[in-house]
Amino acid sequence: MTQDDLTITDPKMKAHGVDVFYGEKQAIKNVSIDVGTDLVTAFIGPSGCGKSTFLRSLNRMNDTVASARVTGQITLDGEDIYAPSMDVVQLRARVGMVFQKPNPFPKSIYDNVGYGPRIHGLAPNKADLDVIVERALVRAGLWDEVKDRLAESGTALSGGQQQRLCIARAIAVDPEVILMDEPCSALDPIATAKIEELIHELRGKYAIVIVTHNMQQAARVSQRTAFFHLGTLVEYGKTTDIFTNPKQERTKDYITGRYG
Amino acid sequence: MNRQTAPTDWKGSVMQSRIAKRYAAERRFKLFGLGAVLLSGAFLAFLLFVMVGNGARGFMYTHVAVPVDFKAMPLTIDTARLGDADADQVIANAGLADIVAFAADEALGADGSKLISENAWKEVRSAIKDDPELLNGKTVFELPAASEVDIAAKEGAKGVLGAKVDALEKDGKLSTGIHWPFFRNADATDPAVAGIWGALKGSVLTIFIAFLIAFPTGVLAALYLEEYAPKNRWTDLIEVSINNLAAVPSIIFGLLALAVFINWFGLCQASPLVGGLTLALMTMPVIVIASRNAIKSVPPSIRDAALGVGASPVQVVFHHVLPLALPGILTGTIIGMARALGETAPLLLVGMRAFIGDVPGGICSPSTVLPMQIFLWSDEVDRGFVEKTSAAIIVLLIVLLSMNAFAIYLRNKFEKRW
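Those protein sequences? They're chains A and B, same order as listed. 188 is the number that my numbering gives to position 188 of the first sequence; each next residue is one higher, with no gaps. 661 is the number that my numbering gives to position 401 of the second sequence; each next residue is one higher, with no gaps.
No lab work stands behind these hints, which were simulated from the structure alone. Predicted model only: the values in this text are computed from it and were never measured. Do not take every clue at face value.
Label pairs and their computed distance ranges (CB to CB) [said to hold, decoys possible]: (1) Glu152(A) to Asp269(B): 56 to 64 Å; (2) Ser85(A) to Pro490(B): 20 to 28 Å; (3) Pro560(B) to Thr71(A): 22 to 30 Å; (4) Thr232(A) to Ile498(B): 36 to 44 Å; (5) Lys673(B) to Glu152(A): 41 to 49 Å.
Positions of the beta carbon are idealized from the N, C-alpha and C atoms, including for glycine.
All chains should be built: construct the whole structure from the sequences, respecting the hints.
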């Protein structure tokens, strides 16, 4: 893979010395990481290691948790996302998110995908919105399956289709980064394979960060892997290096299945 | 584990009797449940049966045919003035009541005027207003009977009155028809003209005001508390206060309303406005509690999803949370409104128990409400009011049932979308 030979010269997002606290408890300790523009970055680590917490601080979803507090610096294209001048609503449009459990709105498939563009005023009229919805569904690999039933409820789809609908919903607002929080943990192997295929296709169009429990999945879909343990970033590097030649003892123990 | 003990005897008699007991317990439980359902069903059926049985007659009234000859007894008025606003007064001053009484004496024998309602001439008056030509000839009017005659005709009576009613019946002078004044008028001292419309309109206006105030306030308060308010000691205190308010006896709200709305703000007494405000105070905590529960039951994943595509908190609330919570909110609201509709105690204190002889014209005119009318009529000495009371109860129940039906319709309609 040629991608793996690149160093991250032009990071989309940079985190520097990030700490996340839930009340008194520190969930993330001094994490610094760069997210490449054209790369898929995987966060792996045992349950409760803080990888999801860190992911959610990249688009300030932690703001919804009253007790959560983030210190350190996270930038998007060099702009501090926790600066007062940053509009959090726009940030979340630029840094989209796909959640662990598929969570389509209980609305039609069309409205699910069209919701984001509509609230951000990306489509001045219905025809434009039609185009955006179709393009997002095509990119999410769902168009052929749903093009004849766009008016049906999004919740009537199968689990895998729902998750691709959620990806289409995130894509529709034309984000720069897509965060995926264990997007396949509620899906069967076939649906998982489709999502992984989709991640491959989306690489290069969006910077993708994926949290996963499944180490094979990280190895399959990502070019960069970060291993978290107990709230610290243990090791971060090229996926091939992490899996074949980990530098840290803890990383090695984890990927060989000693714990986690 | 002590493996020395004998293996469990799954087929033994002890086990069998345990199984039999278990089955018996299940049968017993089912029977009790079924019994409870049947008992409540029987209560409901009994209530409806008795009410409809008694009340249906209240919607009907006995009329007596009385020929009035305006040629023999002319009513001297200027027919041009019949279109005026004070036409009622003009006709009354011309002595129509005496003419009708005299005609009744003539047609029905001595004391014939006692057989028709003392307000019967008002029926003649409205007929004349509709058609002034009547003044030039002889017409047979179907006039409402006196209350005692109506009861005698419906239930049978003995003595002098019974004989008279039988005689009238034989002559074919009695007829029974729908009692239109009941649907048209407000309260009156004479059952022949007392009506429910005043109370019904008062109830509708009162509930409308209560809904207008309590629904938006309650829902907004619930949304704020659930979605925006920080969780701290103050919000805890507010929550406890709201729960306590919902449990406060309704008469206390009446006293509060009397002190605040009437004595302090000086709002119009005994009006649907003040009644509605009182009921709004009483209903709001119920709506807040129901709405908060409905909002809480919206899955957090939907909020995450909306925030994730960049919806602002207000958009999350109005595009997603509120529509999803609406069926629950509506159910709570309707339950609260239905309770308010049946409420009497707080309205006693704001003056709505007064005798109001006119249909309320607006939200500031004196008025009463359906349950209050029922209470007032049930207290009347005149026997004619007994069936009026039952009829009023039927009207109240119909209003309540249609409100609930509307709520169910709305709920199903909103639920289908998701």
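Of the hints given before, which are not true for this structure?
Hint 5 contradicted; others consistent.
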